[in-house]
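Given next are the chains, with one letter for each unit.
Number of protein chains: 2
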Amino acid sequence: MKRTTIKELHQKIGEEVMIKGWVESYRRLGAKMAFIILRERTGQTQIICHNPSETLSKQTVIEVVGTVKEEKQSKYNGIEVAASYNNIKVISKAPEELPVGTSNKTETTFTTELNYNALTLRSERRSNIFKIEAEVINAFREFMRYNEFTEIHSTKLVKEGLEGGGEMFEVNYFGEKSYLSQSPQFYKQMMVGVYERVFEVGKVYRAEGSNSNRHLSEYIGLDMEMGFINSVEEIMEMEENMLKYVFGVLASKLRREIEYFGVNIPHIGNIPRITYTEAIEMIEQKYGNVEGEGFNNEMEIQISEIIKEKCGEEFVFITKYPLSKRPFYTMPSEEEGCSESFELIYKGMEITTGGQRIHNYEQLVESLKTNGFNPKEYEKYLMSFKYGMPPHGGCGIGTERIVKQLLNLNTVEQASLVPRTKSRFV
Amino acid sequence: MKRTTIKELHQKIGEEVMIKGWVESYRRLGAKMAFIILRERTGQTQIICHNPSETLSKQTVIEVVGTVKEEKQSKYNGIEVAASYNNIKVISKAPEELPVGTSNKTETTFTTELNYNALTLRSERRSNIFKIEAEVINAFREFMRYNEFTEIHSTKLVKEGLEGGGEMFEVNYFGEKSYLSQSPQFYKQMMVGVYERVFEVGKVYRAEGSNSNRHLSEYIGLDMEMGFINSVEEIMEMEENMLKYVFGVLASKLRREIEYFGVNIPHIGNIPRITYTEAIEMIEQKYGNVEGEGFNNEMEIQISEIIKEKCGEEFVFITKYPLSKRPFYTMPSEEEGCSESFELIYKGMEITTGGQRIHNYEQLVESLKTNGFNPKEYEKYLMSFKYGMPPHGGCGIGTERIVKQLLNLNTVEQASLVPRTKSRFV
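Chains U and H are the protein sequences, given in the same order.
Straight run, no breaks: the first sequence in the numbering used here ends on number 430.
Straight run, no breaks: the second sequence in the numbering used here ends on number 430.
Looking at chain U on its own, in the form it has when it is part of the complex (with noise of 0.2 Å):
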């Protein structure tokens, strides 16, 4: 007999169906009767089970045969499966008592849930994050393909000091001191010059402090550029319109996922763009006087407030960036010490940086000097540059903080499967 999956049952009412799945819960109803909820790739439905001998723990691996029944009663579809305990089949047993629970009532610790990841995972509330993760990553990816970004796959074996040193983590390279890459920035200019338009989903390493709530040793990186910019404003557009593509998406298909966290799908309008020296006076009038320059965790959660009540938008670019506070390569603006680049900040926390880069290979080399490197060891780096570069920009977003932030997560290490932070390494 064929396997049907959940999601078929509807097509089969009255026939008999073979189904197979993880046991999520079982219910003895009487002596004569248990309810057995089933779970498989396409969802979960309920088997009423007949003569009963014994109880069959969560998480068993079961092969059902049984037939389909419209039960109105029923929240899986207004499905059941009607089966005899003797047509049940145990594929894999799990143990009668879990070491944690999977169900959703339960109160467990993050380091707990990752001491049972293999378990916790199996959970709806942790797989609902990492399926949504799965279709944000997928949606950017289709919202550049459709925009005609060609996607690259560069290397995350980088030499030393290529962007300015900075916390990176050292690789043994066949005895050779090598990094990981902080960025795929360099690449993606590079192929600037290749594709005009250019995307990269890839890992992203940075040996930062141990700001877990913030900060992942591993992360996500959505990355793109593309040439023939007229400002930095055509690089916000873009993001904006991904970003209203990707959840145009979730929307329509994970909303039930989505739902179980208790948040609304947003709905982008059109994202404020206020300049760095405009939120910090907005800052200051609110919440009194600001030291230093860039913005601070604090900040950024004082910055969405004031837009939030403003206009009731969650996202807010925060333009024309201090110079200072940015890489050599990013293009300086006419207004004295500012940059053509900018923030985006999502309920609190900055998800994206971007702008535009310096193109002119004379401006680079000068650039790179002003920032103490010396250009003789960017001269890979440099040959875009030297053979021809169109004005260009881009942005690098962090796919787990985009997570966290729209189910309300404590921490980006909770959109992470396996999270790399200073203090955790499981």
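Be a bit skeptical, because a hint or two may be false.
Chain copies aren't distinguished; within one or between two, either way the pair holds.
Said to hold, decoys possible - With a Cα cut of at most 27 Å, we get these calculated DSSO-like pairs of lysine-lysine:
{"no.": "1", "residue 1": "K248", "residue 2": "K6"}
{"no.": "2", "residue 1": "K6", "residue 2": "K351"}
{"no.": "3", "residue 1": "K97", "residue 2": "K373"}
{"no.": "4", "residue 1": "K163", "residue 2": "K426"}
{"no.": "5", "residue 1": "K36", "residue 2": "K73"}
{"no.": "6", "residue 1": "K290", "residue 2": "K207"}
{"no.": "7", "residue 1": "K93", "residue 2": "K11"}
{"no.": "8", "residue 1": "K163", "residue 2": "K135"}
{"no.": "9", "residue 1": "K380", "residue 2": "K257"}
Think of the hints as simulated: they come from the structure by calculation, not from any bench.
With the hints as your guide, set chain H onto chain U.
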């Protein structure tokens, strides 16, 4: 004036347009005319330029305002753009002499190509390779998603010994030893317990020897794993259908790019499945005695030739691989010494290893012991099996190998944007 892309030109015959791109070639025709071939993301077109005052060097980035004309002689979609030299604006000037040709006639060694990567990737030949690779990867994902596989993104930073040591790159993780992952195998299996069917596209790291014809230190792995299989045959069937889909997509979208390499897109019929023992017999019959166990490179070429002669197929599955040559999680066959695992060989090169895995907890613990490992150290991995795992299996595919074999490239390095091998780190 808004930019028109080259692929939109045919809709604008007789109109004035603004186009932008790189000078692919510049050819003077007498004193009053010049032909420019312009390249951008959607293609190439020909510009006929009146009253040129100076030569535009190759790779220079320009903006041109001109009139779209039908020109039957033009190789570029029967179209050309007529422009006065005054209406050509240089955006980014390339030097008169390029250090290496990007035209396809130039004979350049691969080392030289890599030394000038930013420039040589702009050649039709090299840019085609990575356009094709992007499409292979995307088609793989499309097929997987269509078949209800969920995409995962597992960590590439792992602890020592997880897969029994081997040739791994060591990473300094905040002062602690860790390694770059050799395979997402353990995470794929863990996620079978969650989503039943999963796939991953991600970097795989192998600190292997220097046979750069077939080994990369970093390659793009296409991995899949599926639960509730009846036998390993279903894995091969899934892969066969996936390949049919991928090559079908290539044929419909990138025929021109592939034909550039003078190759045909293979029509995949039913890929022959022969056992390891049968394969050895066939090889011995034709080429004489074989020593040792397992296939070497030469034998992969030999069996491909035999199969090609016999039934015209460029692919062949070698099944029932010797168990001793396979990792501890491999499902043993009923036949003594054999395993339910396979390789897929494409034109003389292995592009896939796959198979059914052990899903029974006790059997897996036994197998760990038999293979000399301590089950205690595999507790996290074993957890999936302790708490209910269905029969399952999967495979891992080397993207660069598929592309190399399809396009008859000399080495697998040529299918990597920034190749990493033992002898090469540029």
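Hints not upheld, ascending by number = 2, 6, 9
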